[in-house]
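J.: Read off the chains here:
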Amino acid sequence: MREYTLLSAGSVVAVVVLERLWRTGLFRRPAYWVTLAISGFFMVLVNGWLTKLSAPIVLYSAEEVSGVRFPFDIPVEDYGFGFALVTLALLRWERVASKAPERRYPRP
Amino acid sequence: MDRFQYLWLLAACLVVTAPLELVFGARVWRRPRHLARALLVPFVAFAAWDALAVARSHWTWNPRYVTGARVGRLPVEELAFFLVIPVCALLTYDAFSRHFRGERAPVWERLARARATRRR
Numbered sequence: 001m002r003e004y005t006l007l008s009a010g011s012v013v014a015v016v017v018l019e020r021l022w023r024t025g026l027f028r029r030p031a032y033w034v035t036l037a038i039s040g041f042f043m044v045l046v047n048g049w050l051t052k053l054s055a056p057i058v059l060y061s062a063e064e065v066s067g068v069r070f071p072f073d074i075p076v077e078d079y080g081f082g083f084a085l086v087t088l089a090l091l092r093w094e095r096v097a098s099k100a101p102e103r104r105y106p107r108p
Numbered sequence: 109m110d111r112f113q114y115l116w117l118l119a120a121c122l123v124v125t126a127p128l129e130l131v132f133g134a135r136v137w138r139r140p141r142h143l144a145r146a147l148l149v150p151f152v153a154f155a156a157w158d159a160l161a162v163a164r165s166h167w168t169w170n171p172r173y174v175t176g177a178r179v180g181r182l183p184v185e186e187l188a189f190f191l192v193i194p195v196c197a198l199l200t201y202d203a204f205s206r207h208f209r210g211e212r213a214p215v216w217e218r219l220a221r222a223r224a225t226r227r228r
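The listed protein sequences derive, respectively, from chains A and B.
With the working numbering applied, the first sequence closes on residue 108, and no number is skipped along the way.
With the working numbering applied, the second sequence closes on residue 228, and no number is skipped along the way.
No lab work stands behind these hints, which were simulated from the structure alone.
Please read these numbers as outputs of a predicted model, since none were measured by experiment.
Do not rely on the hints blindly, as some may be mistaken.
Unchecked claim - Derived, one-sided and incomplete: chain A residues facing chain B with beta-carbon distance under 8 Å:
hint	residue
1	TYR32
2	VAL34
3	TYR60
4	ALA89
To be verified - Label pairs and their calculated CB-CB ranges:
hint	chain 1	residue 1	chain 2	residue 2	range
5	B	TRP216	A	GLY67	40 to 48 Å
6	B	ARG221	A	PRO30	25 to 33 Å
7	B	ALA119	A	ARG20	31 to 39 Å
Said to hold, decoys possible - A partial selection of chain A residues facing chain B, derived with a Cβ cut-off under 8 Å:
hint	residue
8	GLU3
9	TYR4
10	PRO30
11	THR35
12	PRO56
13	VAL58
14	LEU59
15	VAL86
16	LEU90
17	ARG92
18	TRP93
19	VAL96
Cβ atoms here follow ideal geometry from the backbone N, Cα and C, with glycine treated the same way.
Using the sequences and the accompanying hints, generate a full structural model.
T.: Here's what the structure looks like:
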């Protein structure tokens with residue numbers, strides 16, 4: 001029952017908990033929020049295309065989603081999924097960086 | 109052509125974000141080991157989520173718009189999605205991070221010079 005809805009919400013919580021655990025400071029960086037905004041914009045375009053009901057590439061089971069689709073035909077659960085995917089990747093990028101800092105004057 | 113629609117979409121994402129690395133100073137593709145290490149966890153986690161979703165029938169794919177090639181339960185397009193989307197986000201993040209840190213990509217210097225020497 002609404003399993004995707006639950007997993008989507010859960011993934012958002014899980015990623016925020018991970019940030020606290022890894023202490024990357026990611027949520028304090030303006031670059032993160034800019035990235036989220038830009039990603040969000042393109043997500044609406046890309047995911048809008050994938051999920052459009054007129055010719056869907058991805059189809060969802062009615063029992064496992066809330067049924068709320070916005071904008072276009074994007075299931076709201078996809079925003080949790082996308083947020084978690086992008087944020088997790090950025091968290092890992094920062095974590096890898098903190099363990100192996102870039103040389104001050106990198107080769108071009 | 110229809111069968112490649114999902115793949116074309118992903119290719120378009122990479123093309124559109126390429127200037128972030130080539131022009132705007134992001135160093136993501138140029139750091140392939142860092143990139144690979146950053147992508148591993150999200151890739152595995154989301155491939156697992158997706159496989160669970162397929163097993164529980166949360167979603168499926170329109171056979172008309174995917175190639176049909178799968179790795180286990182998952183279309184190759186979906187696995188590619190879990191690599192392409194994070195790369196695009198990382199390119200955006202890295203470009204802005206460097207810019208906000210004061211690392212100016214050469215393009216800004218070149219634009220400023222072009223503007224300064226423009227004939228009136």
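J.: Does each hint hold? Answer for all of them.
T.: How the hints compare with the structure:
1. Interface hint at TYR32 of chain A: satisfied, since its Cβ lies 7 Å from the closest Cβ of chain B, which is below the 8 Å cut-off.
2. With its C-beta approaching chain B no nearer than about 5 Å, VAL34 of chain A sits inside the 8 Å limit, and its interface hint holds.
3. A cut of 8 Å between beta carbons decides the hint on TYR60 of chain A: the least distance to chain B is about 5 Å, and the hint holds.
4. A cut of 8 Å between beta carbons decides the hint on ALA89 of chain A: the least distance to chain B is about 4 Å, and the hint holds.
5. Checking the proposed 40 to 48 Å range against TRP216 of chain B and GLY67 of chain A shows it holds: the Cβ atoms sit about 47 Å from each other.
6. Between ARG221 of chain B and PRO30 of chain A the beta carbon distance is about 28 Å. The supplied range of 25 to 33 Å therefore holds.
7. Distance hint for ALA119 of chain B and ARG20 of chain A: a CB-CB separation of about 36 Å, consistent with the stated range 31 to 39 Å.
8. The interface hint given for GLU3 of chain A holds, since its Cβ lies 6 Å from the closest Cβ of chain B, which is under the 8 Å cut-off.
9. Checking TYR4 of chain A against chain B: minimum C-beta separation of about 5 Å stays under 8 Å; hint holds.
10. For the restraint placing PRO30 of chain A at the interface with chain B, the shortest Cβ-Cβ distance is roughly 6 Å, inside the 8 Å limit, so the hint holds.
11. Given hint, THR35 of chain A at the interface with chain B, holds; its Cβ is 4 Å from that chain's nearest Cβ, closer than 8 Å.
12. Evaluation of the PRO56 of chain A hint against chain B yields a held restraint, the C-beta minimum of about 6 Å falling below 8 Å.
13. Among the interface hints, the one on VAL58 of chain A holds; its C-beta lies about 6 Å from the nearest C-beta in chain B, closer than the 8 Å criterion.
14. Look at LEU59 of chain A: its Cβ gets to within about 5 Å of chain B, closer than 8 Å, so that hint holds up.
15. Interface hint status for VAL86 of chain A: upheld, as the beta-carbon distance to the closest one in chain B is roughly 4 Å, under 8 Å.
16. Checking LEU90 of chain A against chain B by beta carbon gives a least distance of about 6 Å; that is within 8 Å, so the hint holds.
17. Annotation: ARG92 of chain A was flagged as interfacial toward chain B, and the flag holds, the nearest CB pair being 4 Å apart, inside 8 Å.
18. Hint status for TRP93 of chain A: holds, given a least beta-carbon distance of 4 Å to chain B, under 8 Å.
19. With 8 Å as the threshold, the beta carbon of VAL96 of chain A comes within range of chain B, its nearest partner Cβ sitting at about 5 Å, so the hint holds.
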